[in-house]
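Participant: According to our numbering, the sequence shown holds residues 12 to 188 in order.
Just so you know, the hints here were simulated from the structure itself, not pulled from any lab data. Hints are supplied without guarantee of correctness; some may be wrong.
Dumping the calculated EDC-like pairs for lysine to aspartate or glutamate here, alpha-carbon to alpha-carbon at most 20 angstroms [stated by the list, open to error]:
#1 LYS153 with ASP129
#2 LYS108 with ASP183
#3 LYS76 with ASP117
#4 LYS107 with GLU63
#5 LYS16 with GLU61
#6 LYS108 with ASP73
#7 LYS76 with ASP21
#8 LYS147 with ASP73
Pairwise CB distance ranges, derived in the manner of DEER restraints [said to hold, decoys possible]:
#9 LYS175 with ASP51: 22 to 30 angstroms
#10 LEU157 with PRO47: 32 to 40 angstroms
#11 GLY125 with ASP73: 34 to 42 angstroms
#12 LYS175 with ASP131: 13 to 21 angstroms
#13 VAL130 with PRO172: 32 to 40 angstroms
#14 GLU119 with ASP154: 32 to 40 angstroms
#15 LEU158 with PRO72: 30 to 38 angstroms
#16 GLU48 with ILE179: 28 to 36 angstroms
Note that the structure is a prediction, hence the values are computed from the model and not measured. Glycine included, each C-beta is placed from N, C-alpha and C at the ideal position.
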Amino acid sequence: MNYAKIKPFDVSNGPGVRVSLYVSGCRNRCKNCFNPETWDFGYGEPFTKEVENSIIESMKPDYIKGFTLLGGDPFEPENQVVLAPFLERLRKAYPKKSLWAFTGYDFEAHLLTGKLGDVDTVMRMLKCLDVLVDGKFVEELKDLNLLFRGSSNQRIILVKPTLKQDKIVLWDEQTIV
Numbered sequence: 012m013n014y015a016k017i018k019p020f021d022v023s024n025g026p027g028v029r030v031s032l033y034v035s036g037c038r039n040r041c042k043n044c045f046n047p048e049t050w051d052f053g054y055g056e057p058f059t060k061e062v063e064n065s066i067i068e069s070m071k072p073d074y075i076k077g078f079t080l081l082g083g084d085p086f087e088p089e090n091q092v093v094l095a096p097f098l099e100r101l102r103k104a105y106p107k108k109s110l111w112a113f114t115g116y117d118f119e120a121h122l123l124t125g126k127l128g129d130v131d132t133v134m135r136m137l138k139c140l141d142v143l144v145d146g147k148f149v150e151e152l153k154d155l156n157l158l159f160r161g162s163s164n165q166r167i168i169l170v171k172p173t174l175k176q177d178k179i180v181l182w183d184e185q186t187i188v
């Protein structure tokens, strides 16, 4: 897997100061995507153990509230295989910091059904996450007033309660995650 960039001080993709990893590879190709260069699976640099270690180290300071995974799309099958063990490692190292991810795929239709990669690998990833922003970016539904998403069709899902209750539980500004 390749990655496009790492932002060690991101305040745009989740609450608080976060470390963000932009992975390469996306088949959604949303019209007017914010990062079209990340559609190419070969774009950027290889995601090595040294890069993983660097991210883990950059998460140490108390002012870092969490980690955000975006792209490209982390849930492309090629990315899942690499990201599932990395997210497990990150969750173990920082159980109290929030882990967010963005995907252009739909939580119920794609991620939970096995239509996108191996369902067991997807579940490994989801079980590490606190929040998932799902859904394609839709230019016609773009709204600059929305927090942490670009278009109104996208949802900010609280993953653990959603999996436990077997129904979508949405994040709101009062939720601390």
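Participant: Hints first: check each against the structure and report whether it holds.
Facilitator: Here is what the structure says about each hint:
1. LYS153 with ASP129: Violated - the C-alpha atoms of ASP129 and LYS153 are around 31 angstroms apart, more than 20 angstroms.
2. LYS108 with ASP183: Answer holds: LYS108 to ASP183 is near 18 angstroms, not above 20 angstroms.
3. LYS76 with ASP117: Distance ~26 angstroms between LYS76 and ASP117 Cα, so the pair is violated.
4. LYS107 with GLU63: holds, 19 angstroms
5. LYS16 with GLU61: Holds, at about 14 angstroms.
6. LYS108 with ASP73: The given pair, whose Cα atoms are some 9 angstroms apart, holds under the 20 angstroms limit.
7. LYS76 with ASP21: holds, 10 angstroms
8. LYS147 with ASP73: Violated, at roughly 33 angstroms.
9. LYS175 with ASP51: 22 to 30 angstroms: violated, 37 angstroms
10. LEU157 with PRO47: 32 to 40 angstroms: Given a distance of about 20 angstroms, which is not inside 32 to 40 angstroms, the answer is violated.
11. GLY125 with ASP73: 34 to 42 angstroms: holds, 39 angstroms
12. LYS175 with ASP131: 13 to 21 angstroms: holds, 18 angstroms
13. VAL130 with PRO172: 32 to 40 angstroms: violated, 20 angstroms
14. GLU119 with ASP154: 32 to 40 angstroms: For ASP154 against GLU119, whose Cβ atoms are near 23 angstroms apart, the range 32 to 40 angstroms is violated.
15. LEU158 with PRO72: 30 to 38 angstroms: violated, 24 angstroms
16. GLU48 with ILE179: 28 to 36 angstroms: holds, 31 angstroms
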